[in-house]
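K.L.:
Letter by letter, the chains look like this.
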Amino acid sequence: MIVRLRHACLTGVLLANTTAYAGEPSSLVPAKLTESADVAFCAAGPRVGVSPLRRLTRFEYNNTVSDLLGERVAGLQSFPEEGGSGFDNNADLSIASRIHAQKYLSAAERIAAKATADLPKLLGCKPDGKRELPCIRRWLKTFGERAWRRPLSRAEFKTFDDLYHNLRKEDDPTTSVRLILTALLEAPRFLYRIEESQPAAAHELVALDDYEVATRLSYFLWGTTPDTILLQKARQGRLHRPDDILKQARRLMKDVRVKIVVRRFFDQWSGVTLLERLQKEQKKPQTWKTLAIAPLLRQQFDRFIDHVMWESDGTIATLLTTPVTFVNKALGDYLHMETTAEGDAFVQTSKDGDKRAGILSLAGFLAMQAKVNETSPIKRGMFVREQLLCQIPPPPPPNLMMTDLPPPNGDVQTVRERLEDHRLDMGCNKCHKLFDPLGLAFENFDTYGAWRDKEMNSPIDASGAIVASDVDGDFNNLPEMAARLARSQQVADCMVRQWFRFALGRTESKADQCALAELSRRFTRDGHRIPKLLEAIVTSEAFLYRAADRTQMAAVEVAR
Amino acid sequence: MNPRKTPISRRAVLRGAGGALVALPLLDAMWPSRKASAAASSLFRKRFVVFFSGNGIIHENWRPVGTENDFVFHRAGAKDPHILSPLEAFKRKLIVLDGIDVPTRKMGPGANGHDKGMGHMLTGALLRVGPSGIGDFSHLPDGTAGGPSIDQAIAARLAGNARFTSLELGVVSALDTKRQLTSRMCYRDSFEVVPPENDPAEVFRNVFFGLAEDSQDAARLRRERRSVLDRVRDDFKRMQGVLGPADRRKLEAHTTAIREVENALEARADGEKFPACRVPNVPTLDPMDEKNYPALGKLQMDLLALSLACDLTPVASLQWSTGQSPVRFTWLDQSESHHGLSHKADDEAAARSHLSRIDHWYGQQFSYLLTKLDAIQEGDATLLDHSVVMWVNEQGNGDQHSEIDVPYVLAGGCHGAFRTGRYLKYPHRAANDLYVSLMHAMGIEDVQTFGHAEVCKGALPGLG
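Going down the list, the sequences are from chains A and B.
Per the numbering used here, the first sequence runs over residues 21 to 580.
Per the numbering used here, the second sequence runs over residues 61 to 524.
To be clear, the hints were calculated from the coordinates, so they are not data collected in a lab.
If you're wondering where the values come from, they're calculated on a predicted model, not measured in any experiment.
For glycine and all other residues, C-beta sits at the position ideal for the given N, C-alpha and C.
Each hint should be verified, as a subset may be incorrect.
Below, computed lysine-lysine pairings styled on BS3-like, alpha-carbon distance capped at 30 Å [said to hold, decoys possible]:
no., chain 1, residue 1, chain 2, residue 2
1, A, Lys399, B, Lys404
2, B, Lys351, A, Lys391
3, A, Lys189, A, Lys161
A few chain A residues facing chain B, derived, Cβ under 7 Å [claimed, not checked]:
no., residue
4, Leu73
5, Asp112
6, Ile115
7, Ala116
8, Ser117
9, Arg118
10, Ile119
11, Ala121
12, Leu199
13, Thr202
14, Ala203
15, Glu206
16, Ala207
17, Pro208
18, Glu216
19, Val392
Can you make the complete structure from the sequences, with help from the hints?
P.N.:
Rendered as structure tokens:
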């Protein structure tokens, strides 16, 4: 039977059939990372989950190509978008289809054609007469190492050298180099981040070699291929000791490229990735125009993240509670903010800061976590629950129709009033108390992300309570809720998990508990400063080792 | 084969990436020639085409009125156009299927109506949860469908006797980055999504590559691609050896994909058997701009029809937008998104009217595709007669995300396998059974179940 509910949610009977969750919030509080790790398990040596093979994301591919061959070369366009869990670099869903293969081919052709337009410039020498072969070979060796992020093996070098000879029977040097370049950019060693160092017998873990570390470092912190310094360090075998790695990580973190990567993390984590496609109902002509507003909200978001991470102390507390925001004239007008901003430049302001709570009051985030025509306490509350507290509330029963809230009617006018049934009905409230109150804390911000004191002429009530967390208790408004979250160990642990997923392109598994516990400890010691967390990640076991594939290990055993 | 015999005009020559591409009106060049093929009808293969539009249907404006053999696409007193009325001319070539459900949606993991709608629609299999479990709005953020979709299952069985195993085309079918399941409908298998190509210019470049006039340029490009892909395929094979099974599977999938790209290089048209195979010019349109939705759709249908006319593949699909389609039909003077409207359908007459007009518009597009396919003579019948084209939706009632009474329309008799011109009502039969019938019709007769076997009762009766 289909249960369809507009006003009431549903009865407890249905829930009892569908989930083991009995409505006791404390049962949903996860153990601290530092306490959940099995001491004996972790003491037995490094542990790390299986890392699936990673294919370059569109972002990484485009950066890589432009670093290898120069800005003038365009990379992938209209390429299938990555999909997956939270972050676009999740390796579990990166299986290539024919469309991928086609686009890689045509992109490589386009790139190679442009790059070989000035052949001596690409090669760094003139492939004339007797100098042709030495010139080509030198380029193949150096460029091959950069493109494949490790030196070509003797056999690999030979196949390309042979290919050049074959091509030269019919083609000129430019064409031959163009086709070699096309093949290099189509190769698995270019498109995939292959880690293949073999495990020693009986060991379940493999320490990554120096080139593999260089690649992980560079793609994590810069979203691109290792630069000449990283490759040089790898060549010298100076990228496996934690202090050497840390030194390089700190160098990378001084560059603007890390800013872009960190913005991407927060962009995907907070759900503003699709801001430029966001549509809103247009009540008044000035309310929402995606093309005009979205870029401003994007700039505000980026400016804010840069500020918190690199100009401020980079702590979770600042991220969630700072009164600081950034506006220019147009955005200030749109958000009805009094500002001193004139023109296009964004200025920093703390005016009316007691209304704000860091990233949680950024208009782009608030507009994304809302419906086209009104706020969505459920979306916003779920964000806090899932992205900040790393809890997944039990699913709604399958025979429940999820529909929009009932329209305003009689005494029931505001969004809070229209959600009242979630609170009054026992069956509903079991789950909805986990997120409705958290989302209602944002009610001072309308669907467009602008401040409001009233809804339907009623003053906004943004008070509520957090349950099922380590910071349970009441709050009167968003800043108070944010202040609670900012001192939560659960939130800090969640941040560790999220960065772990982003850095490694995978979801954590049981074997990662030791690394996660260690990261959590260090994060606390570092005062929850996120830039420090990045440093901790690149020197953690999970970053420097990979689990050997059992089948692969068996094959190695047999070979021995 | 002597290339001179291919009926391809000089101006149709492929000019490579970003080459001179011309404006829309030229597309009349794509209308197939009326010259009938000399080959006998029986020499032409069967084709299977999926046509997807989403967000459910307004049943009262979709259901035919009348009996199995005598029905009209008109409801007395209706204010809105009947959704199927654009198909009036094809009535004798249709089977309208009423009472088909997707019962698997009530089973297995996941609870989001759009995840389940898309993930179950063509697979009839239970979803699989990914490593992250269940996410916001009960989506399975990295979950996947439970098995192959019907188009891919048929394609896999027919593989090897056409240049492409299958072709997937999309119209502004953008992937919601956090919701793969909601966006995609074609799966080679669990975790193996087959995304559609949204850009007609890319379809043209990659699918029709080998059919363009065999100029020196094309011959050169073909030779070059062969040498590159040979090299690359070897690299992939070698790499598979150093990786574990899960990673190896990824490289294998990539190797397969490369082989299909290589096959495309060899595509040639048999101009005598397929006189309708004429390679078009394709204009450049931003494939992700919603304003271009109607124009892009028309181009994709032209290319789809052409790929069948050129006998490049036995299986194709056209995906309009995605599940939970956010498209705003501004060209129908609407400003609200399709998905937004669908959730007002049960309460607001105005929303029902808008939705009926949206699906009436999709009916016109379906009609356009059928017109194309029916204009291609193959022996004494048409390409449409040799095909079965299935119009499918991820919901029954869009407002309720219901899995019952999902609207299915079949067009074309699939070489006489189906008796068309009928309106068939079933007492809640599973789409799985329809898919078994489709496989039988396509000549794959050794299957008795499809997807989740528990809901299967055998092929649908009464289709033949």
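K.L.:
Each hint should be assessed against the structure and marked as holding or not.
P.N.:
So, going through the hints one by one against the coordinates:
{"no.": "1", "hint": "Lys399/A to Lys404/B", "verdict": "19 Å, holds"}
{"no.": "2", "hint": "Lys351/B to Lys391/A", "verdict": "22 Å, holds"}
{"no.": "3", "hint": "Lys189/A to Lys161/A", "verdict": "22 Å, holds"}
{"no.": "4", "hint": "Leu73", "verdict": "4 Å, holds"}
{"no.": "5", "hint": "Asp112", "verdict": "6 Å, holds"}
{"no.": "6", "hint": "Ile115", "verdict": "5 Å, holds"}
{"no.": "7", "hint": "Ala116", "verdict": "4 Å, holds"}
{"no.": "8", "hint": "Ser117", "verdict": "5 Å, holds"}
{"no.": "9", "hint": "Arg118", "verdict": "5 Å, holds"}
{"no.": "10", "hint": "Ile119", "verdict": "5 Å, holds"}
{"no.": "11", "hint": "Ala121", "verdict": "4 Å, holds"}
{"no.": "12", "hint": "Leu199", "verdict": "6 Å, holds"}
{"no.": "13", "hint": "Thr202", "verdict": "5 Å, holds"}
{"no.": "14", "hint": "Ala203", "verdict": "4 Å, holds"}
{"no.": "15", "hint": "Glu206", "verdict": "4 Å, holds"}
{"no.": "16", "hint": "Ala207", "verdict": "5 Å, holds"}
{"no.": "17", "hint": "Pro208", "verdict": "4 Å, holds"}
{"no.": "18", "hint": "Glu216", "verdict": "4 Å, holds"}
{"no.": "19", "hint": "Val392", "verdict": "6 Å, holds"}
Hint violations for this structure: none, all hints satisfied.
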